[in-house]
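Each chain sits in its own coordinate frame; assemble them with the hints.
As you go down the protein sequences, you meet chains Y and E in turn. First residue of the first sequence? That's 1 in the numbering used here, and the numbers climb one at a time after it. First residue of the second sequence? That's 1 in the numbering used here, and the numbers climb one at a time after it.
Be aware that one or more of the hints could be misleading.
[To be verified] Derived, one-sided and incomplete: chain E residues facing chain Y with beta-carbon distance under 8 Å: (1) E55; (2) D100; (3) S162; (4) D199; (5) V200; (6) A204; (7) L207; (8) E211; (9) H226; (10) V230; (11) T235; (12) S270; (13) A271.
Keep in mind the hints are simulated off the structure, nothing from the lab. Glycine residues also receive a C-beta, built at the ideal position from the N, C-alpha and C atoms.
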Amino acid sequence: MTGRQAPLLSVRDLKVVFPTPIGMVHAVDGVSFDLEAGQSMGIVGESGSGKTVTAKTLMNLLPSYALVDGSVTFDGRDLRALSAERKSEKHLWGVEISMVFQDPMTSLNPVKKVGEQIAESLRYHLGETRTAARRQAGDLLEQVGIPEPGRRLDEYPHQLSGGLRQRVVIAAALACEPRILIADEPTTSLDVTVQKHILDLLDDLRAERGMSMILVTHDLGVVKGRTDEVMVMYAGRTMEEAPTEEIFSRQSHPYTEALMETIPKINSAGHTRLMPIPGQPPVTTSPPIGCPFADRCRYTTDRCVAQGPLLEALGDDHQVACHTPVGTPAAETALAANAARGHTATGLEIHHSGVPVGAVADGPAEQV
Amino acid sequence: MAGRGTVQLRGGEDVILRVENLVQEFPVGRHRVVHAVSDVSFDLLKGETLGIVGESGCGKSTTARALVQLPPPTSGRVVLDPDSGNEVDLTGLSGNDLRDVRPRLQMIFQDPISSLNPRRRVRDIVSEGLEIWSDGGIGTEGQERVDEVLHAVGIDPAAAASHRPHQFSGGQCQRISIARALTVDPEILICDEPVSALDVSVQAKILNLLEDMKARYDLSLIFISHDLSVVRNVTDRVVVMYLGKICEVGDADRLYEAPAHPYTRALLASAPEPARSVGVADAVLGDDIPSPTEPPSGCRFRTRCPLAIEKCATEEPQMQQLDGDHFVACHLPRV
Chain Y
1 MTGRQAPLLS VRDLKVVFPT PIGMVHAVDG VSFDLEAGQS MGIVGESGSG KTVTAKTLMN
61 LLPSYALVDG SVTFDGRDLR ALSAERKSEK HLWGVEISMV FQDPMTSLNP VKKVGEQIAE
121 SLRYHLGETR TAARRQAGDL LEQVGIPEPG RRLDEYPHQL SGGLRQRVVI AAALACEPRI
181 LIADEPTTSL DVTVQKHILD LLDDLRAERG MSMILVTHDL GVVKGRTDEV MVMYAGRTME
241 EAPTEEIFSR QSHPYTEALM ETIPKINSAG HTRLMPIPGQ PPVTTSPPIG CPFADRCRYT
301 TDRCVAQGPL LEALGDDHQV ACHTPVGTPA AETALAANAA RGHTATGLEI HHSGVPVGAV
361 ADGPAEQV
Chain E
1 MAGRGTVQLR GGEDVILRVE NLVQEFPVGR HRVVHAVSDV SFDLLKGETL GIVGESGCGK
61 STTARALVQL PPPTSGRVVL DPDSGNEVDL TGLSGNDLRD VRPRLQMIFQ DPISSLNPRR
121 RVRDIVSEGL EIWSDGGIGT EGQERVDEVL HAVGIDPAAA ASHRPHQFSG GQCQRISIAR
181 ALTVDPEILI CDEPVSALDV SVQAKILNLL EDMKARYDLS LIFISHDLSV VRNVTDRVVV
241 MYLGKICEVG DADRLYEAPA HPYTRALLAS APEPARSVGV ADAVLGDDIP SPTEPPSGCR
301 FRTRCPLAIE KCATEEPQMQ QLDGDHFVAC HLPRV
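Isolated chain E, as found in the complex (with noise of 0.2 Å):
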């Protein structure tokens, strides 16, 4: 993973989102930068599913909010309609212009219940969107926007206006929330662990409102866990994150049936169920992930890859097409 490169890049008026050589680093001290994000490339088709896994601290969170410019990256691009003749780079923007495009692009959190303000009315925590974009009240029409939502994602429109937080589960937590992020009308809804938090009954039941929500409003859909199955079930393509950098792109049945980084062999062989494609002798990752403020030369993933020689501390591996819709960065990835 190391690998750096843009040929998983896909063309095209489809492409609703293009990040580009995306850096997200922070300063911790005494010249010191935690590499959090370093040159990560990926898009987004119209309608699609992405998703985007890997262990704590891979990155794939900070690589979601720098989608939305919390906080805009170090350096990179982040594009809408990149090959439409109007596209807009968010990087480039900034007050006004930049909450001209936000509700374009929404998000969604991992715990639900410190996701929403437990002093406010629900109604008025997902009606709050839609009150910011449109100068002044809502409207007759923004009020019956509010009601549709809230029914589509289950919650009686009457309780909203009534409750507050609190008085939901978890589950009816993150209704809300997916509720709040559409009554904006969005075309991209990022999904930053929607279901972790949750049981495995009512998760079952939030990753088939997902799934609704994306056909019904025609979502497209960024979608980040580290619960492979989970990622299986939902998305069409993969982006696999280590340490900041992305070890191996396709299309998700290729990666899940022939995974070819070892990295990815080893997170698919760890799951409590394993994947078919891998065997026990794949499950190889010692505890530790090196400190992103100091990342290994070369291949980032090499400390921990029992595959690694030589090359892999000298010369970073470019991100190679294998067959199809399927990129891997990696001197020796298994074909």
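Bound-form chain Y, shown alone (with noise of 0.2 Å):
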């Protein structure tokens, strides 16, 4: 977010709500970020957390009955302004803004062979030729890493291997040279050794062609190493945005820092006792007033349940979302505090350690 000259995309204030039987949904609540041309960017949060939801809405994917408010600019363009003319700029988004699904099985056409699907949006969106798609579709696969192109572009979905699949369907995000690919959980349902393949593909591609990329996802390990910012969302808020480096080594979100300890490490010992995060996400029909972790935070001070913290700049490029940002000594106050009286503000009962109790003690954690 260095925002120096004018950013590639820019979204401010985006709020999107979901009207259901059991109220209105504040799938995201007041989402701000910019992304620079050529620079990639992790969203990380869990289910629930708004991310996929925000990045539909940079795809103009959303429902027709989803409430949407804030402001999307695309190099200079009002994208909310657009997707309210429809027609007018089809050749937007597909062309200049590209997305990859998480299961390549669902986003792929079943009865239609995979050269076919990657050359429809060349003939559509830049009018090529039949030939002149076809042979480009070739060309797709290759870059894409995929063996014997010329074969496979007759090929059926089916006939080819799940990390083959998604190649696949990055061969078609890519065909009309998107300036911003946004990745929704590319490697979800591959295997690991697969989902290394993949990432690394999207990252050599994205270098080569200058472009950005929006990497979505569950899964930190996912970003560690590849995005140039990471952005950690919860309950559709934006809680922490900072340089990847930086989430790793000096996460100030109590929620990042109970992501990262909730997540098994591979070199540590075996039988570690992990440490879950208490309680459960927020339902978001009710926005709470005060911050959204506050139920689940071991940090949590009445000024967290009275007023809802604001994304607040902590240093250079690292904005946090949090009245005790974790490694400041208002953090420390607030933890001693909290567990010399054996709760937190919300009522969470902390360990005299400082851990949430139902981290270290044994049995039920969660209720209906």
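Structure representation (structure tokens):
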């Protein structure tokens, strides 16, 4: 978020609300970020954090009943106004902004040869001839590392392995040379060995083409060492945004810290007790006045409950929405006070060591 | 991996389950056969957690299902209490004899939501096992058992009596699946990718719960996963499988700290956070696992192996002991 020149993509105070039978679900609740040309950014969060809805908003894929507020500017154009006009900008989505989805089997058409599926967008958007589009589809398959691209053009998705299918999806997304590629959990349904190849491929292609990329994932390990920046989302809000290295070396939001602690580590000893995050994500039908993470956070003070923290700069390029960022004296004071009285301001029980009781004790932690 | 052999088997009264030369093949039309599991042998000690890891298609889930005879394996033996004097070979049983043994091995599956019947109340789902194995009603004692197990896994028994699975979250449904397996007091719990459909914060809760249940109910676990970090966290011993064969078996610490098989090394190097014991150079695998209908000759891993030599194509490596509890099937193990 250097903001020296105008960024390629700029999202300001984005809000997305879905009317549902149980009430208005605030899926995205005031998210802002910038993406520079050539930059890659990770959006990390658990199910229900609003990361996929954010990505779909950028891609103009929200259902028509979704209520959207805020601004999305791409290369000086107001995307929300364009999406309202519909037809006039059919050569924007899929051409300049393109997306790769989680499950390659469902994002490909099972009854159409993969070559045709890639050529389709070239012919529709760029008006290429059948022959030229087919030749280019073959080149694209080669670029995404598919062996024998000529033969693969005439195969159907079911004839390919999961990893190859995802490469086909990437080839189709890249066909019109997008300036931004959004990858939503691109490797979640793939094996670790294949995952590494796909992530490396995406990164190489991004560098080669000078594309910007948004990598949406629930797995912090996926963004590590790959993106320039990471935005951590929770309950539809941005909790923390920082350069990727700093998220790993100096995470400041208690939620980011809790996410890191909850993941089993390949290099730690066997049978290490894991540290789950106590409680459950809030129901987003009624966004809390205070911090949405307050119920599950061990640093929670009265202020966290009364007043929602705003995203504030903590250092160069590092922003956090927290009254008591981890590693600051405010956090230490809050934690010491909570440990001393045995609970936080929201009543979460805290062990005298400063760890939530649910994380140390055996037995039930979740209730219906 | 190719490997065959049984040197990795341990003897003694502590062995609760022994799998010998397990083969599972499925016909797929016109004389073609999928060699899903080919000559796999391992054992499980009382109170141990055994991990089985490998990519999709390596046969790890098929192996788990063959243990509970779903379906019975093509050949090989699955023996309970093999060295106790009253061993039971599951593969030789059928009908009522098999049903009598089933409570001793229970299983939980990957997708907690689809493994519960959406039309039934949670309490009925959990107590069904007990009902089947206690002719007629389950009685007060049975009801108490159901309450006790539900409470142990963190589900409110009152809510379970009136709610159906869709009213619970994915993590809670996995707790319900665990409760259903535990009511019949099993000795062995087979967990097939129990946390891969869950969010990371829920995953930690379920993994902790499995450790707690293992201690509370004296269980031995077989834990199948493609996630190497998760396997590191919960297991004592690890089996690495590739294309229906075992590559490497050993104590989890040794296997993670000194992986000997090139496939194990590649797996450990491909993880989002690679293991310390391997380098970038070890992450060498291309995308494609060969087809299990026509597995490569010799060592099945040779087509993707960076070290493969001529011998690997002609001669299948035998399982050999490295040091202590660490076995590898490779002509060129890294030691």
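How the hints compare with the structure:
1. At its closest, the beta carbon of E55 of chain E sits 4 Å from a beta carbon of chain Y; the interface hint therefore holds under the 8 Å criterion.
2. At its closest, the beta carbon of D100 of chain E sits 32 Å from a beta carbon of chain Y; the interface hint therefore is violated under the 8 Å criterion.
3. The interface hint given for S162 of chain E is violated, since its Cβ lies 10 Å from the closest Cβ of chain Y, which is over the 8 Å cut-off.
4. With a least beta-carbon distance of about 4 Å to chain Y, the hint placing D199 of chain E at the interface is held under the 8 Å criterion.
5. Interface hint status for V200 of chain E: upheld, as the beta-carbon distance to the closest one in chain Y is roughly 5 Å, under 8 Å.
6. Contact between A204 of chain E and chain Y, as hinted, is supported at the beta carbon level, the nearest pair being about 4 Å apart and thus within 8 Å.
7. For L207 of chain E, the suggested interface contact is upheld, since its CB lies about 6 Å from the closest CB of chain Y, less than 8 Å.
8. With a cut of 8 Å, the hint placing E211 of chain E at the interface with chain Y holds, because the nearest CB-to-CB distance is about 7 Å.
9. Taking 8 Å as the C-beta contact cut-off toward chain Y, the hint placing H226 of chain E at the interface holds, the least distance being around 6 Å.
10. A hinted interface residue such as V230 of chain E counts as satisfied when its beta carbon comes closer than 8 Å to some beta carbon of chain Y; here the least separation is about 5 Å, so the hint holds.
11. Look at T235 of chain E: its Cβ gets to within about 6 Å of chain Y, closer than 8 Å, so that hint holds up.
12. The restraint placing S270 of chain E at the interface with chain Y holds, with a minimum CB-CB distance near 4 Å, inside the 8 Å limit.
13. Annotation: A271 of chain E was flagged as interfacial toward chain Y, and the flag holds, the nearest CB pair being 6 Å apart, inside 8 Å.
Against the hints set out earlier in the document, violations occur for numbers 2 and 3.
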